[in-house]
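Starting from the given sequences, assemble the full structure and let the hints guide the process.
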Amino acid sequence: RKEVEQDPGPFNVPEGATVAFNCTYSNSASQSFFWYRQDCRKEPKLLMSVYSSGNEDGRFTAQLNRASQYISLLIRDSKLSDSATYLCVVSVNYGGATNKLIFGTGTLLAVQP
Amino acid sequence: DTAVSQTPKYLVTQMGNDKSIKCEQNLGHDTMYWYKQDSKKFLKIMFSYNNKELIINETVPNRFSPKSPDKAHLNLHINSLELGDSAVYFCASSQDGTLGRYNEQFFGPGTRLTVL
Chain A
1 RKEVEQDPGP FNVPEGATVA FNCTYSNSAS QSFFWYRQDC RKEPKLLMSV YSSGNEDGRF
61 TAQLNRASQY ISLLIRDSKL SDSATYLCVV SVNYGGATNK LIFGTGTLLA VQP
Chain B
1 DTAVSQTPKY LVTQMGNDKS IKCEQNLGHD TMYWYKQDSK KFLKIMFSYN NKELIINETV
61 PNRFSPKSPD KAHLNLHINS LELGDSAVYF CASSQDGTLG RYNEQFFGPG TRLTVL
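As you go down the protein sequences, you meet chains A and B in turn. The numbering of the first sequence is the working numbering, which starts it at 1 and goes up by one. The numbering of the second sequence is the working numbering, which starts it at 1 and goes up by one.
Derived from the structure by calculation, the hints contain no laboratory data. Among the clues, some could well be false.
[Claimed, not checked] No farther apart than 35 Å at their CA atoms in a straight line, the calculated lysine-lysine pairs in the DSBU-like style are these:
| hint | chain 1 | residue 1 | chain 2 | residue 2 |
| --- | --- | --- | --- | --- |
| 1 | B | K40 | A | K100 |
| 2 | A | K42 | B | K36 |
| 3 | A | K45 | B | K9 |
| 4 | B | K52 | B | K71 |
| 5 | B | K41 | A | K45 |
| 6 | B | K71 | B | K44 |
| 7 | A | K79 | B | K9 |
| 8 | B | K44 | A | K100 |
| 9 | B | K71 | B | K19 |
[To be verified] Simulated restraints on C-beta separations:
| hint | chain 1 | residue 1 | chain 2 | residue 2 | range |
| --- | --- | --- | --- | --- | --- |
| 10 | A | S52 | B | N62 | 39 to 45 Å |
| 11 | B | L116 | A | Y70 | 39 to 45 Å |
| 12 | B | H73 | A | P8 | 31 to 37 Å |
| 13 | A | S28 | B | N79 | 35 to 41 Å |
The beta-carbon is built from N, C-alpha and C at its ideal position, and this holds for glycine as well.
Structure follows, in structure tokens:
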């Protein structure tokens, strides 16, 4: 079983739609949670951190359910520029005080005009 | 100004060759990383250095050898290249990866390695 699992998509949605991505992780000791965005043939970039209380950044809302080991990302009013791969990422302890990031394989979003 | 830079951007080589990829960051960060993203887009950490000291060493073939001459540079040397080494290699840096908490990682543009 992969440590971080996501639906690979693609999710094809029209502009203005609301789309939700889900992610599950296997390590109950995971410490921190994130969504990264990766454009085609580009490097990943941090989109937002995810907190247990849920957090919002403009049109983006992230939720974490530690009991179910489940993370979600909601994008409202989709724009063409939101088209990208969204990577679910967790931070786990590697040893001592060092953490490492575990990436999901990503969910591809294609927003259509 | 480029925060994390890698050279070369593309690398095409024959099986059996030895090659190096270089990475530099100008963010003043203490920690640098090498990741491999395979053809299925799976991004996985290989190594991490903090202030020139190796702190993460995942299970990778010993043909891969990282070197950090100073905290702003982390290079990756690959011996006896194999077909399966074809991937995109990303360098990243963060403020301090040993603090037991997350520091945002900033990625370089990637080096697309093709082994023929």
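- Query: Of the hints stated earlier, which fail here?
  - Reply: As far as the earlier hints go, not one is violated by this structure.
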